[in-house]
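A.B. asks: Spelled out from the first residue to the last, the chains are:
Number of protein chains: 2
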Amino acid sequence: MFKSWNIPRAVRYRQINEITGLLGTAVNVQTRVFGNMGEDSGTGVAFTRNPSTGQNKFYGEFLVNAQGEDVVAGIRTPQPVDEMMNWRADIYEQLLEVKEILEYHYREMEDIEFTIERGKLYLLQTRTGKRTGLSAVKIAVDMVAEGRITEKEALLRVPANDLNQLLLPTFDPKAERDVLTKGLPASPGAASGMLAFSADEAVDRSHAGESVLLVRKETSPEDVSGMHAAAGILTSTGGMTSHAAVVARGWGKCCVAGAGEISIDDEKHTITVNGRTFGDRDVISIDGSTGEVMAGEVTRQDPQLSEEFVSLMDWADRHRTLAVRTNADTPQDAARALDYGAQGIGLCRTEHMFFEGERITRMREMILAQTEEERRAALDKLLPTQREDFKGIFTAMQGLSVTVRLLDPPLHEFLTHEEHLQVELAKRLGVSVERIKARITQLHETNPMLGHRGCRLSVTYPEILEMQVTAITEAAIECRQEDIDARPEIMIPLVGTYKELTLLRAKAETVIAAVKERKGFAGTLDIPIGTMIEIPRAALTADQIAPHADFFSFGTNDLTQMTFGYSRDDVNAFLPHYLEQELLERDPFQSLDTSGVGQLVEMAVTKGSAEKQNMKMGLCGEHGGDPASIYFLHNLGLNYVSCSPFRVPIARLAAAQAAVK
Amino acid sequence: MFKSWNIPRAVRYRQINEITGLLGTAVNVQTRVFGNMGEDSGTGVAFTRNPSTGQNKFYGEFLVNAQGEDVVAGIRTPQPVDEMMNWRADIYEQLLEVKEILEYHYREMEDIEFTIERGKLYLLQTRTGKRTGLSAVKIAVDMVAEGRITEKEALLRVPANDLNQLLLPTFDPKAERDVLTKGLPASPGAASGMLAFSADEAVDRSHAGESVLLVRKETSPEDVSGMHAAAGILTSTGGMTSHAAVVARGWGKCCVAGAGEISIDDEKHTITVNGRTFGDRDVISIDGSTGEVMAGEVTRQDPQLSEEFVSLMDWADRHRTLAVRTNADTPQDAARALDYGAQGIGLCRTEHMFFEGERITRMREMILAQTEEERRAALDKLLPTQREDFKGIFTAMQGLSVTVRLLDPPLHEFLTHEEHLQVELAKRLGVSVERIKARITQLHETNPMLGHRGCRLSVTYPEILEMQVTAITEAAIECRQEDIDARPEIMIPLVGTYKELTLLRAKAETVIAAVKERKGFAGTLDIPIGTMIEIPRAALTADQIAPHADFFSFGTNDLTQMTFGYSRDDVNAFLPHYLEQELLERDPFQSLDTSGVGQLVEMAVTKGSAEKQNMKMGLCGEHGGDPASIYFLHNLGLNYVSCSPFRVPIARLAAAQAAVK
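Chains as they are written, first to last, in the working numbering: chain A, 1 to 661; chain B, 1001 to 1661.
Please note that the accuracy of each hint is not assured.
[What the hints assert, rightly or not] Label pairs and their in silico Cβ distance ranges:
| id | chain 1 | residue 1 | chain 2 | residue 2 | range |
| --- | --- | --- | --- | --- | --- |
| 1 | B | 1446 | A | 380 | 28 to 36 Å |
| 2 | A | 423 | B | 1581 | 50 to 58 Å |
| 3 | B | 1198 | A | 480 | 52 to 60 Å |
Bear in mind the hints are in silico, worked out from the structure with no lab data behind them.
Beta carbons: idealized from backbone N, C-alpha and C, even for Gly.
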């Protein structure tokens, strides 16, 4: 046991589960009892409630005349625990009594291991049961109804990230299913993929961009990397508590276990099921909620949210103080995020609007312009579409703030490096290919991340800012005239010195006033103008910036890149080594590095607040949907976080947990 | 006068001279006198000492029956001021008396303007005289000898950057000189270049990488950009106080003025002098100390340093507390820096050692290695040359510290993108070209500045560190055995978390111990191991890093890049706009940004010192030779700065000025 602590698969398991800083493992020594002493003996594992659905029903498996490892390893397929009624009803009654005692005592769903030695029941172990997100929500909400725990405790019982699983897509019930066989619904979800026959293969192919299902007779701890990499896991033996099932549930990964009709040929790389054979380029779909295994890809659909989920979210909203917004660039994204409870848009990236259809041509025309006049002419053509984009989003989010970030990426991102597309563009714009190539060369940057982007674009090409602010203002006025409560906010990215902000703020204010004048709009049009704090120097000089900003929005993606000196695009050359050698506890792009990057955020909050009391401060980016980061940000007193629509419920729960803690 | 404040050439002049933050200009109103009222009238400008050499002799020019602007504009070539003796000896005596009064009162060399109206002398203006670096040093040291000022005052009198001029090369006196004509030695130095006939041309061609001399009949304020861009300035009219002469001296730029034998044809782009004609592709040399104009390029040589310079440097060394080291990668650089007074090497970049001759092939072999064994085999071949490099440097600097930075740049910098060189390399190493191309693709980075470099290389390829530390240790032991007092320090670059340092420090210590053991070296071999603080996160967590570091060396080049989010290679796309619009006061790569980057340095000093009292802290990089940065760093209590050999005297003087202030 002690020796196993540092074997590669244990190390890998701890990495995947972000278990760090432990000194080792502890071992209990206890008297041994035997479940394999005859037909009056047996062994089993059980959960006091269903770990997959949360249903309040004793749930587990047992084997007569067997030892515990036989159950866990999935070598023999065990019987459901309620069939003990037919074997030894007295012992089953005893077990149900134990269930009540344990839940009363621990006020939790327990995972127990038991053995019957010659008719006598022994409890070997009890611990808090691992469960799916779905189950965690139901158990927590049920236990409040049962008076076992309080609402606040219920909020803390559900790991916020596990909500992910409830929000996973399922197969469309109306889709045709070519069902090959049925296994055990070991871990819910819906996955389709080509077949991979070993953990290594699954890792390699999924890194190469393929969606694969890992198909194994049974899994063992050696397989964890492959299981993690795969879209789903399918085994032909083993039960609901087999290795595959337990591990997959912990990750919220779709798993069908013990599909015994499937015969796997590891040599030929094929599976055969009911006379049909599939190879490693064939796609199979598995339904982790029903256990069905289907040929081909099956249409998936968005999840249905349970009553218990709605209750938990209601409690979360009641307890949290941190608002949750979303990052959305289209009315569709905005609508979805509203469904998930978003309270506004914290980051609307205008550059995404320029890639569609004809717009990218206009954008390229603007970039290729050789004079300010040419540039303005191209921008004039972009203005109407940009205005319509904003109008759509403001309408979708009416009554809620929409923070629009002005153009951020370096201009070369909008040009194409493909020769034939350059030729085509040259034709369309009536310019020479050489001019396009020359401009690409001119715009080339050694380190684009640290280059000519963000507000630096507005400093050198103020006409871009003018077009964007015009579009925002016109859209807002048109909404108001149609009785739509549009609430835009203008966010200036990549500010490093307050002088950039004062210059660009003044330009934006001039444009807003001019548009109002031109449109004859007499009402008030309160458009706050704020800045991103995403450059270390902005955080360091937040006291100078605050007087000129109506809000701060922390851009911790870029702030992390610059504070660590890590390029997000290149970090994979060394980050895996860093995590493996524990030089870093976790990927700082996934979870905010509180001691470094977080220190800058804290500094900016402190310095900014000292200069401007009650200034609105938020965060937009990956960390806005990460529970650990949210805990940190709540404690700093931020007003909101903004994350992808899909993570909004996670952020709401995490914010409530932070408040409760 | 008021209107001229914001005309482009005034703005440009202030930029070049880094004059920022002014509200406007002041204007004195005074009674007018006339120097053009006949042969008993005249006007002149003079310096109480020679502004070019510092010689203590009244120095200037006058014109009979003329107004001041006639002298300054260089339209008529005036007479030397001592020729007033032959015109009106009484007035000349009066002027000499005025010189004494002014120098006694101001304790400074004064620049005066005077007019004689019908035999009566009027002083129009006196101000501190602009002077060359050479002159500044001589005047300051002389005034101490004359009892006018103290040593400390003398130290403050010389702008440290002006020492640059004393350290400028001169023409080799033994070189053959094809002298075409002689003008006035308006500003010392030696320059060669092709001829440019307008300021714009000088700007364009020097930006394109050419060395050009700006040739003008006379210069005017419109020409300042071209004058700044040119390697030197040559005029055919105007005196020692003409526009060209005054401006060039202020910058320490070589200038020959009033070379009246030269006839300039701006249309044809030629000059003709004594029957010989030169066009814009011909090279001319000018000697700013003799006024000679020569055909072709003349060999230049290192400057001879004056007695006064030596005195001033002695005083500087006596008053300063900040040590000055140098950045040097070869024994030759080290020796030159020692001549300039360097007290050690603060930055020895090992990567520069890998580019020469056969070494780059070995380096590439190492990079192309596919296994650790292959990599070690290639490194074994690099070890002997690396050891000899270190031995040479330790020997040159014996008794002084030599801080060796472990390999820093990303590996792709050592590979070649040129097809034919790849083919050649493939042949030499006996590998396929495809393998080389594949490795280049694999090593490609989107943002190399934030990529796989610095200590990240040692984490992923510890054998590189092992080879380098072995070379350092072996070289140190060999030196000791030859009674050479080698004092290496090992510097680990790009640390972002203390865990990198603890890991790599342990590895380095293991190697040092192993080498000592293998070499049977029983003596103590104190090799401090420190780190660069060049990533914002390192500064923010300096309290965690300090316990594991024997020294900190601030790498403010990279720290500036990351704190601002500016890539030094790409910043020219917007930095000129930023300076022009005063969004930045000065280029933060030239002068440390005290409020942002400096705040991080200060934080690291404070946090580091709190954890480890008296820890040695220094700075290496461009800012180590910048007087304003040195002032800031002195006040933070740093132990040393390290700059390029050529800037060592500047840093010594700047450090003394900081201490005196």
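A.B. asks: 28 to 36 Å was suggested as the range; check whether the CB atoms of residue 1446 (chain B) and residue 380 (chain A) agree with it.
C.D. replies: Since residue 1446 (chain B) and residue 380 (chain A) have Cβ atoms about 33 Å apart, the given range 28 to 36 Å holds.
A.B. asks: Holds or violated: 50 to 58 Å for the Cβ distance of residue 423 (chain A) and residue 1581 (chain B)?
C.D. replies: Distance hint for residue 423 (chain A), residue 1581 (chain B) is violated at roughly 38 Å.
A.B. asks: Can the suggested window of 52 to 60 Å be confirmed for the beta-carbon pair residue 1198 (chain B) and residue 480 (chain A)?
C.D. replies: 56 Å, holds
Violated hints amount to a single one, hint 2; each of the other numbered hints is respected by the structure.
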